[in-house]
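Chains as they are written, first to last, in numbering that gives the first Met the number 0: chain A, 0 to 98; chain B, 0 to 213.
Hints may be right or wrong, so weigh each one.
Each computed EDC-like pair below joins lysine to aspartate or glutamate, with the alpha-carbon atoms no more than 16 Å apart [stated by the list, open to error]:
#	chain 1	residue 1	chain 2	residue 2
1	B	K28	B	E207
2	A	K91	B	D4
3	A	K46	B	D4
4	B	K32	B	E207
5	A	K5	B	D202
6	A	K46	A	E33
7	A	K5	B	D36
8	B	K31	B	E207
9	A	K46	A	D56
It should be emphasised that the hints constitute simulated quantities derived from the structure, not laboratory data.
The residues making up each chain are set out below.
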Amino acid sequence: MNPTTKYCMISLFATIAITSMLLPFASTAPDGLEKVAETLGFDDLAKEANTFAPMRDYDANGDGSYAGALIAGTAGALATLCLGFGAGSLIKTTKNNRD
Amino acid sequence: MHIPDGFLSIEVSAGMYIAAVFFLILAHKKAKKIAGDKHIPLLSVLAAGIFSAQMLNFPLIGAGGTSGHFLGAALTAIVLGPYGAVIVMALVLIVQALMFADGGITALGANIVNMGIVGGFGAYIVYSGLIRVIKSARVAAFFSGWSSVVLASIACSVQIAANGTVELTAVLIAMVLIHAIIGIAEGAITAGVLVYIQKTRPDILSLENISPGR
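Looking at chain A on its own, in the form it has when it is part of the complex:
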């Protein structure tokens, strides 16, 4: 694999590792938009989104556990990576490599 791919993979593993370590400390407070929606009173408009999502709220086990979050996070990161390479194969270069 070319050196850039290797550098990217190492960075990715590092990211997943760091994320896994920091996950237990992640804040559960509502994010900016949620808080504003609560305060201004339009949060009740939010519909039950996407009932076919396999891991709602980043919870693979459905019990709010760290393991559930870890599985969700890893699965999501890998899914995003694969989607990225998929998008990449769509964006095939038509000219000679500019690198």
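Given chain A, work out where chain B should sit, using these hints.
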């Protein structure tokens, strides 16, 4: 600031989908011209990394009871250009909406517009403007990161207020105040990661950007 289903009118949702698809098609055209060996792994890993980072909410000082998280549009815009940012943010948002119900499905277009297009292009314009005037890439990156979050929150507010359920001024002030604080973290992280790349793989920063005019 992932908008859930139910906040936006059908017209706004549809309009935002059209805008998102339009920009994604444009991004694909631009990317096709210049993407080489390094761009694709970089794009994929940035997307995966941003996805992971977005899971790490941090509590906000000065806005008790609220949390924020890293966005990543600015970092991507600096490294891959604004169209690259649109692609990367769209990938992250799609995975988030489909796998985790983070962000609505009907609101996906709007989320891509806010965080990908507004965030990405806003960041890029600020960065390239500042870097001409000040020599420090890290300072330019900081303000670029800050701006991307604030601008995205403005776009988000306008979309939500558009169907009249909440007053524009109220949601705009609340969202901008909170995101001005979140933006500080965004700026710091963007600058920090940029410095890391500068030190370890500066060649990545001289890659051709997926920008307008290519």
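Tested hints:
With a C-alpha separation of about 15 Å, the suggested pair K28/B and E207/B falls inside the 16 Å cut-off, and the hint holds. Taking the CA atoms of K91/A and D4/B, the gap is about 34 Å. The hint is violated against a cut of 16 Å. Using a Cα cut-off of 16 Å, the hinted pair K46/A and D4/B holds, with the two alpha carbons roughly 5 Å apart. Note on K32/B and E207/B: the hinted pairing holds, with a Cα-Cα distance of about 10 Å set against a maximum of 16 Å.
Annotation: proposed proximity of K5/A to D202/B holds, straight-line Cα distance about 14 Å (limit 16 Å). With a C-alpha separation of about 13 Å, the suggested pairing of K46/A with E33/A holds against the 16 Å cut-off. For a cut-off of 16 Å, the pair hint linking K5/A to D36/B stands: about 12 Å separates their Cα positions. With a C-alpha separation of about 12 Å, the suggested pair K31/B and E207/B falls inside the 16 Å cut-off, and the hint holds.
At most 16 Å may separate the alpha-carbon atoms for a hinted pair to count; K46/A and D56/A meet this at roughly 14 Å.
In terms of the numbered hints stated before, the structure departs from hint 2 and from no other.
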